[in-house]
Amino acid sequence: MKKIFQYIMLAVVTIVMASCTSDIEETTATTGKSNVQLVVGEFPAFGDSQTRAIGTPDEGKTSWAVGDELLLEIDNTFYGKQYATFTYNGKSWELTSGELVYREGDPAYIPHVYYAPNYKWEAGKLVLKEGKVAGTDEYIEGTAQITPNGEAITVKFSEATRNYSRLRIATMPNKPITVSINKYTPAGSSDMKWDQNYALTSDEKGNAYLYGTFENNSEVTVKYREVALATHTFSQATESAKSYALDATVISANSAEEIKSAIEQKVADSKTAIRLNLASDAGADEFMAIREAIKGAAPNDEGTIELTIIGVETIPEEAFKRMSQLKSVKMPDVKEIKKYAFSECQYLTVVEAPSLNKLNSGAFNECYLLSKLTFGPINYADARYWQIFEDITPNIDLILSDYQKEMIETDDDLYTANNDIDYAFSPEHVSKNFLGHEFKSITCRRYRVE
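Residue numbers (mature numbering (1 follows the signal peptide of the UniProt record, and there is no 0)): -18 to -1, 1 to 432.
Taking lysine-lysine and the DSS-like style, the derived pairs with C-alpha atoms no more than 30 angstroms apart in a straight line are: (1) LYS317 with LYS422; (2) LYS102 with LYS43; (3) LYS187 with LYS114.
Since the hints were derived computationally from the structure, they do not count as laboratory data.
I would like the entire structure built from these sequences, with the hints used as guidance.
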């Protein structure tokens, strides 16, 4: 006589959201003669840094959302290992790939259940989805149990395992940033990366997140375009399941008065790194406010202020003339520097303007301590009223865009780009000459001449 076996096929399953601490309202999915119930506990919120109140504090994800996926593995004697993915539709969880199958009366258990948005099942292993990078999202392992009668599966994350930390980067809202890290193990990986680069976009609160373990002396650099907003070196390895915050915040000011007030507060708090986000067309009034605020708050300082200006595209005439307080100025969006903009900034050492196209007379004259200049592809320079690099040291490292073209000088001290000839490897490059000035070194297309 043939034996008739009952099978429980979990081809369509409803997973019910429930709190780990509250009563569970159960919903069943009928499969043959058996009722199978799956219950998922609350999402285990990470929590914000307990040590640093930076930017807009944010716990990050705190509850399940539409599109969230759970990755389950089930093992039993008759069918062996099975793999499935369930997706939350806002009300319940639906089986969207794979299957969970076990035979009634045959011992079965679920050894693994993951919330790992960057991953998917493939041939019984978790692999990165196309376009995803390890370390940009969670990799949480929960627990799941099948009841002795085989009628229910309970999924819990109340004691979720996180063998990694979270880094919240506080910066500008909805902006692309790049993050470079060394000595870092991304969540979901067991291999430490010596050099890892991430392209992230901050959310509406100005936060971006990384998940992993940062080793002792691990260095993290946050950049907007090619300009560094913040660099931090960890003095010890980060702790698992702990959240950290990195300050790459930028002051967003909409008026001259707001600019002045924000800078004065920074200097009053003994902050020397000032990062401003201005409108692209910010003009004389806004720059006068910057000037007055720095000079008023630190009248006797010499080479202390590290200024970063984001958004604005033009630096007005004499905007920073004779400002002894400036040590460095970084301007990722600036396309033009007007006449005498940094003239006689005698303690200025570094200027970074990777989008710069136009330079005007006397922009850097008498900047005696300049040691590094970074420019975008210059296509126009006006030296009719004063040489751009008049009375400055030759001990400057100049970094030019890979797309820099040879500059042609006319009889009236105007320079324009010859779009037919690359600057890299040209006679001017080899002789370390640019716009009539000889530099200590010139780097173009990653080729350094010194």
